[in-house]
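Enquirer: Spelled out, the chains give:
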Amino acid sequence: MDFSEPENWARIRREAEEFTAEHVTRDVIEHERRTGDGVDRALTRKLGERGWIASGWPVAEGGAGLDPFEAAALWNALRKGGVPTAGPGTTMLPANAIRATGSAELKARVLPGVAAGEVLICLGYTEPAGGSDVFACATRSQLDGDEWIVNGQKIFTTFAHLADYCFLLTRSQPGSVGPRGLTMLLVPLDSPGIEIHAVHTMGHERTNIVFYNDVRVADANRIGEAHEGFAVMRAALEAEQNVAPGSRTGWVADDALAFARTHRGPDGTELINDVLVRERLARMAMEAEVADLLDLRVAFLDAEGDKPGPVSALFGPESYVRASAAAVDIAGSAGMIDWTDPQSAVDGSLDAHYRSAVATTIYGGSSEVLRSLIVENRLGFPRSRPRR
Amino acid sequence: MDLSLTREQRAVREAFAALFGKQATPQRVRNAERSPSVGFDGLLWRHYADIGALGIGVPSDCGGGDGGLLELALVAEEAGRRLAPIPVAETAAAARLLGRLREKELLGPVLSGSVIVSLATQPGPVAQQLLVDGAIADAVLALDGDSLVYVNRPDGLSKTARSNLGGLSLARWGALGATTVLAEGSEARAAFDTAVDEVRVLRAAALIGLASEAVGIGSRYAIVREAFGQPIGMYQAVAHPFADAITGLDGAQLLVRKACWAMDSAQDDAGALAAMAFVFAAETAYHATTHSLHVHGGYGFMEEYDIQLYYRRAKAWAAAFADPRRELLTVADRRFGPVTTGGR
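So the sequence lines, in the order shown, correspond to chains A and B.
Final position of the first sequence in this note's numbering is 1006; the numbers increase by one with none missing.
Final position of the second sequence in this note's numbering is 348; the numbers increase by one with none missing.
Heads up, some of the hints might be wrong.
Which stretches of chain A does chain B cover? Using the computed rule of at least three CB atoms under 8 Å from a CB of chain B, they are [what the hints assert, rightly or not]:
1) 633-642
2) 838-852
3) 886-900
4) 923-934
5) 993-999
Part of the chain B face toward chain A, derived, beta carbon under 8 Å [unchecked claim]:
6) Leu9
7) Leu74
8) Ala131
9) Leu134
10) Arg261
11) His298
12) Arg329
No lab work stands behind these hints, which were simulated from the structure alone.
Using N, Cα and C, we set each Cβ at its ideal position, and we do this for glycine too.
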């Protein structure tokens, strides 16, 4: 057993830091904080030039040929350096599904642009009445000649307003329920009949509600077999649960420690010397260590072709929420001033963490769904969600 | 970067899983707890010594197997899984400490199992400590002032333990037997601190094995026990805490293994990782065994059910070493540096 980092991780991280130092200006950071777009198209193209968008794909396909560890090191460093990663990171989930199950023509048409950072794909799973139950899909699609006609509504379609395509889950067999009778379509977002409405969140992310009214989509943009969208969807969902996004618990731990080293408590004691504070900072550091280890193991087992179940996807966000709450408790009013105030402590990060953390326990599978999957996969528990 | 066990390490784990599976049956665990020395099965101890357990982590020039802390952690995890009624953590750390000091003569009878040497994990006079293996140890290593000492059991002291929560051979030595100084000054302190960190990691490993088995017992029960017309495992309030337990145990095991690697390769962060491993394993084991007992309903409290054996030890095996929350302050000292001014 060897936990030492191979030298190339440090090299990759250094390259990412050089990139962010050069391209991620304060303006880029503040623009993202103001808009919550989740993507910067110019920056995304620059990442594409380096093969970093589809970093795990071979160089011949526009990637960088990185293994899962190297890719994680790269993307964590880019994110930490202020690159808005929601757009390019999310794009890779459908891009990988297309690469695995799409037609040769579709792959040739779409994937080179993805790798180049020119093409962005958002996720069209969630509906207003769906939530964690993605197979409650009610958006309809009907084949008419060589086109599908799509009608319905999706919600939480993050960066739809900047994306080129939506990876859209539709119900193609009227009267079907659950995972049967679904078809997956790659819908160009400039198609007539699409309306995109902004939704702003307490975490300053912008997301969207997208309406589809008689939108016509070429059958050539279908992914996988008609009415067999479940197989495509399952591959994409598993990829989401097993690709560790890199826990942010350690970021809060670092930010809270920086705050405690520079501030005093109400009784005048330096916070870093207060046992009540030290205990909580130590707990954050411990949980950050565990979250990072679980992430590391995902990359390791992924390389070995093994899946440990979504324990990392459960622990990372849950510990992030705990840490972000404890950080505000420790810091009090001085820690809740946000970044727009020039005098905010640690660049307003404690306010930002508390605002952002809770959403991480929802997207990519709510903690409750993940817990059910873990006990089913690891302990053989009976399924508690009703079968359809 | 490699998170897999070697073939040899897997063989160690399997050999001890087989030994404890055969020799540390629930009946033997109960019998040991009812015996005067509480928590000691002499026959199991002989098998444990015969298979070479005590030499695993000792250098080969001292008669050992040159293994690392990870090999010992694998043994401790398997011992914990069966609640093996023998002293594992402190005796392994003590044997390694003797090996590090090249005390070949003292090690001879230790490796054969004929002399049990444990560790007094609190610094300070041995006579003031409630020793975790006090009823059965023939000697303890201790840090007294600036001296690392080998303290023999006082002559004629009865091998009777204080009756306790966790089947531990707890006893106090009011008087001390013959005492030898093995090292002094900073060397003594460094050697003692390393041994105590190894106890942190090995106790964590034992708690992980213990809690993994408890989760197995509890989840198997939840899958077959029915209430209101269906298995109680169908109710998410029953099922979901098991997911947190599995997640915590995966994390604790990774933390233990990283701490082993860090200690054996002298990484800067080794001390912080050892303390984290102890705290995280202790808290996870407590929550995991509590829920595993709880799902049994009233049956969980019955002496006949094994789960209560696990529930009691999950707390006792950790607290007999240290209060987990106090250990978070050890993590803080090691990660953030010591308190520099009069804190609270």
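Enquirer: Is the shortest C-beta separation between B/Arg261 and chain A less than 8 Å?
Expert: 6 Å, holds
Enquirer: Please check whether B/Leu74 passes as an interface residue: C-beta within 8 Å of a C-beta belonging to chain A.
Expert: Status holds, d = 6 Å.
Enquirer: How about the segment 633-642 of chain A: do at least three of its residues have a C-beta closer than 8 Å to a C-beta of chain B?
Expert: violated (count 0)
Enquirer: State whether the coverage of the segment 838-852 of chain A by chain B holds or is violated, taking the criterion as 3 or more residues with Cβ-Cβ distances under 8 Å.
Expert: With 0 residues closer than 8 Å to chain B, the segment 838-852 of chain A misses the three-residue bar; violated.
Enquirer: For the segment 886-900 of chain A, do at least 3 residues have a Cβ located nearer than 8 Å to some Cβ of chain B?
Expert: holds (count 11)
Enquirer: Taking the least C-beta to C-beta distance, is B/Ala131 closer than 8 Å to chain A?
Expert: 30 Å, violated
Enquirer: Within the segment 923-934 of chain A, is the number of residues with a Cβ closer than 8 Å to a Cβ of chain B three or more?
Expert: Satisfied; 5 residues make the cut.
Enquirer: Does B/Leu9 pass the interface hint, meaning its C-beta sits closer than 8 Å to a C-beta of chain A?
Expert: 7 Å, holds
Enquirer: Examine the segment 993-999 of chain A: at least three residues should have C-beta closer than 8 Å to a C-beta of chain B.
Expert: Result for this restraint: holds, n = 5.
Enquirer: Taking the closest Cβ pair, is B/Leu134 under 8 Å from chain A?
Expert: Constraint on B/Leu134 not satisfied, violated at 25 Å.
Enquirer: Per the CB criterion, is B/Arg329 less than 8 Å away from chain A?
Expert: B/Arg329 check passes; min Cβ-Cβ to chain A is 6 Å, inside 8 Å.
Enquirer: Hold the hint about B/His298 up to the distance rule: shortest CB distance to chain A must be less than 8 Å.
Expert: 15 Å, violated
Of the hints listed earlier, those the structure fails to meet are numbers 1, 2, 8, 9 and 11, in rising order.
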